[in-house]
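**Q** Those protein sequences? They're chains A and B, same order as listed. Numbering-wise, the numbering used here puts 442 at position 442 of the first sequence, and it's gapless, one number per residue. Numbering-wise, the numbering used here puts 794 at position 185 of the second sequence, and it's gapless, one number per residue.
FYI, nobody ran anything at the bench for these hints, they're computed from the structure. Careful, some of the hints might be misleading.
What the hints assert, rightly or not - In silico DMTMM-like links for lysine to aspartate or glutamate, alpha-carbon gap of 25 Å or less:
| id | chain 1 | residue 1 | chain 2 | residue 2 |
| --- | --- | --- | --- | --- |
| 1 | B | K791 | A | D458 |
| 2 | B | K795 | A | D458 |
| 3 | A | K97 | B | E846 |
| 4 | B | K849 | A | E133 |
| 5 | B | K849 | A | D458 |
| 6 | A | K97 | B | E834 |
| 7 | B | K791 | A | E133 |
| 8 | B | K824 | A | E419 |
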Amino acid sequence: MSTACAARIPQTTEPLVALSNVGFRYPGASSDALQGIDLTIERGAFVAVAGTNGSGKSTLCKTLNGLIPNYYVGDLTGDIRVAGLTAAEETVSSLSKKVAYVFQDFENQLVRPTVYEEVIFAPLNFGYPDYKERGERALALLGLSHLRDRWIWQLSGGQKHMTALAAALSLDPDLIIVDEPVAQLDPQRARLVYDKLKLLREQHGKTILVIEHHTEFIADYCDQVILMDKGAIRWIKPVREALSRVEELAELHILPPQVTLAAKQTLEAERQEGEAALPYPVTLGEAAEFYRQRDVGTRLNAVDGGSEAQAILRGTAKSGAQEPIVRFDRVTAGYKTIDRTPHHVLKNVSLELREGDRIALVGSNGAGKSTLLKLISGIRRPSEGSVTVCGFRTKDVSPERLADYVSYIYQQPEEMFIEDNIRKDISYFLKARKHPGYAELVDGLMERLRLAGLADRDGRLLSGGQQRRATLAIGLAMRPTVMLLDEPTASLDALSRREVTAMLSGELGSVKTAVIATHDMQLVAEWANRVIVMHNGEVALDTDKRTLFSNSELLRQAGLTPPQITQLGDALNLDPPCLSVDEFVRRVQSPLKEEVPAWKPSNKASSTS
Amino acid sequence: MEAIKQSLIDKLSVEQIKVELMRTAFGRRSTLLSRFDPRVLLGWYTILAILPWFLSNKFVLLGLLVPVLVLTFSSKVSPLVLFILGLGLVSEISYILIGSLLFGGSLDAVWPLMTLTLKLLIISLASIAVFNSMDPERFSDALLSLGVPGQFSFGVSYGYRMLPILIEEYHNLFYSFRLRGKAPGKRGLLGWRSLVYLVRTAVYAFYPLMLNTAKRTRTTVEALEVKGFTYALVSPEARKLKLAYLRVGAADIAFLGISLLYLIALCVGGHWVSF
Chain A
1 MSTACAARIP QTTEPLVALS NVGFRYPGAS SDALQGIDLT IERGAFVAVA GTNGSGKSTL
61 CKTLNGLIPN YYVGDLTGDI RVAGLTAAEE TVSSLSKKVA YVFQDFENQL VRPTVYEEVI
121 FAPLNFGYPD YKERGERALA LLGLSHLRDR WIWQLSGGQK HMTALAAALS LDPDLIIVDE
181 PVAQLDPQRA RLVYDKLKLL REQHGKTILV IEHHTEFIAD YCDQVILMDK GAIRWIKPVR
241 EALSRVEELA ELHILPPQVT LAAKQTLEAE RQEGEAALPY PVTLGEAAEF YRQRDVGTRL
301 NAVDGGSEAQ AILRGTAKSG AQEPIVRFDR VTAGYKTIDR TPHHVLKNVS LELREGDRIA
361 LVGSNGAGKS TLLKLISGIR RPSEGSVTVC GFRTKDVSPE RLADYVSYIY QQPEEMFIED
421 NIRKDISYFL KARKHPGYAE LVDGLMERLR LAGLADRDGR LLSGGQQRRA TLAIGLAMRP
481 TVMLLDEPTA SLDALSRREV TAMLSGELGS VKTAVIATHD MQLVAEWANR VIVMHNGEVA
541 LDTDKRTLFS NSELLRQAGL TPPQITQLGD ALNLDPPCLS VDEFVRRVQS PLKEEVPAWK
601 PSNKASSTS
Chain B
610 MEAIKQSLID KLSVEQIKVE LMRTAFGRRS TLLSRFDPRV LLGWYTILAI LPWFLSNKFV
670 LLGLLVPVLV LTFSSKVSPL VLFILGLGLV SEISYILIGS LLFGGSLDAV WPLMTLTLKL
730 LIISLASIAV FNSMDPERFS DALLSLGVPG QFSFGVSYGY RMLPILIEEY HNLFYSFRLR
790 GKAPGKRGLL GWRSLVYLVR TAVYAFYPLM LNTAKRTRTT VEALEVKGFT YALVSPEARK
850 LKLAYLRVGA ADIAFLGISL LYLIALCVGG HWVSF
């Protein structure tokens, strides 16, 4: 193994990537997309490129595989050398053999019907006689050989991403560029992708470049951060130093890891002004060590912190009984598979949703979350049992009739834009029902969701955050009693994610109960007052969020990762679990004020009852 | 009655149609026809698609129908496809018949119509049997090897890759319209108002589908560039490597030979028998 690796790395000490004074302007653009870029990347590095949307991250990466300037013709200046080649003299084809690229919307990068066809496609095109072995080798490298004969459409999102990566690896490139792997995948699957990248780097000597703004992943896997701003490189720093620049990152809408924020607040409370504290801990392990050194673990359960814990536990008591708005009565539902056998996605589910419920529906992919939402909206009907929504049995009424009470917001915003501008999209429902004065209603709503300036734009062409706001407006314009949302924060950057979370937490008008299917545990921690965990088509747990996060065994089974700050609390034996950075800092700090008798929750169940 | 209606609705639901479509396209079958070289199959099919137009002897036509029926049966064709074929044939016969009755004709018109119907049936069943058995990948390779430009043959297999995604997206868009639209208050005679509403919605749902597809292709085109697709279009090795597996074997020759002998036998027989 080691000899093979050594053989692959050439004897030269030339860096893998060397850019000097590179600038680029798209044809017809009024400003430069890249300017004055000087960059060297050594062989075997694991580098993150961070920056806001439009800061030139993708453009920079596309100069490395020749898409710029061979495919996007524009004004390219400066020198680019990649893997011993001078880019100006090469084509996309020759550079692609050295540089692999996994796009952000990797689904559209897969052009063949099956996994195997996909991974042999590139080597076949380049005329390698051993194209079959290359494909097989790439699959084996990522542990995908068992998926060899699957259709692409049968794969989960994570498997598709891996397939795209395998297809790129089949050319045995030196540099692997991955564009925002976390954006389109749930956290656990994203971690799998990163683990594979780490493996490729450590065992096969590959150099990895990721475009990423999820700083928790940067902290865990990368060793350098390139910060881009307005087409230029602001700085290149080692990861710990980079992520400790909390204010600077915040200014560019990049959210540092939660543990870093917590450590910063703790240090600021402890220290005198002007005292240097950098760098902060950036990974979970470092932060746990940081707080253990402060002896926090032993002092945590003192009265101050303890009384807050007690208040938290009291606050989670269930509210009284009213008539449920939605009732599932022993519901079984599913679909027919391609060989006509029924596949039950939901099995014998009984459930009641009541007024005031803000429900987070969590669980791994395929656990039945989307099916549950579709059953409430009337798009699907149960094969056994019944679903009652606002007094109607969904079997007996059309989806159009149910739409008077239920609005369902899809995971893919594109599938909700059925008109050519978003004002028409938002008005569609009210207009179809000839609602008097709908125009004012729509205007008001657009004002509130900051869409007024975008009214005449096509929804498909908006940015991710704007698209989410627009779909939210479409849903709210239906003035529903029940609001259903499928992954409303998926594929959003930190800023848009916070924005959407805030909107959902705010005034929702007529909505009496809302259900969000999500993998975003930060959203669960901030928004929900009830959590339903789905596992294999059944309700595994119906509880509040604190109980959820204290049940680590179930979390693992259901494929969920708690927010990082909750994990830190767990590492320090904080009980009940901690949900936000502010809460964590408060609970960790308060015992410092004075020494008081310890409060020990000997048994959580007895303290609540 | 209500139960029958419900079961009919179940059979014709969007969901069901989706399953049948996917089954037709992606159910991996090993059928009799799928064993032959795709180019041989294409040639065989071309002959069968043209020949019936030059024949009018019902004995010969019926003789052709029998093996085509057997092959269709052996290809495990989806009942939905056969149902649509049946619907087409019945409506075709009935509208010509109604026309003939309206203009003073009689039931006599049916008999000559049977000849036309037979021809259509042979050709349709042959297409169903052949294309149901032939993996689109092999079809695309056959086209490439027969000299069709690479862009076109790639298009066939890319369409195959995209089909399930487009079906899924269409389904969601269709419901996007329904979840925000308003069904007609009165259903009308035999529910014609509802029918018109649903058909209109079904058509409207295609527009956003097209726009979304257009947006999606940007990455696809870049990816094709990176994967050397355009490089392969001008390089002969890639084509040679790709098509190396296509080979006309003894089974293919035998298949063609038997078909030809059967055809000759039919024509000879047709000399003696005719009705």
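**Q** So, for every hint listed, does it hold in this structure?
**A** A quick look at each hint next to the structure:
1. A threshold of 25 Å between alpha carbons decides the hint, and for K791/B with D458/A the separation of about 23 Å falls inside it, so the pair holds.
2. Pair hint K795/B plus D458/A does not hold up; C-alpha atoms about 34 Å apart against a cutoff of 25 Å.
3. Distance hint between K97/A and E846/B is fulfilled; the C-alpha atoms sit about 17 Å from each other, no more than 25 Å.
4. Between the alpha carbons of K849/B and E133/A the distance comes to roughly 17 Å, so the proposed pair stays at or under 25 Å and holds.
5. Restraint check for K849/B and D458/A: the C-alpha separation of about 45 Å exceeds 25 Å, so the hint is violated.
6. For the proposed pair K97/A and E834/B, the alpha carbon gap of about 12 Å is at most 25 Å, so the pair holds.
7. Taking the CA atoms of K791/B and E133/A, the gap is about 56 Å. The hint is violated against a cut of 25 Å.
8. For the given pair, K824/B sits about 15 Å from E419/A by alpha-carbon distance, which is consistent with the 25 Å threshold.
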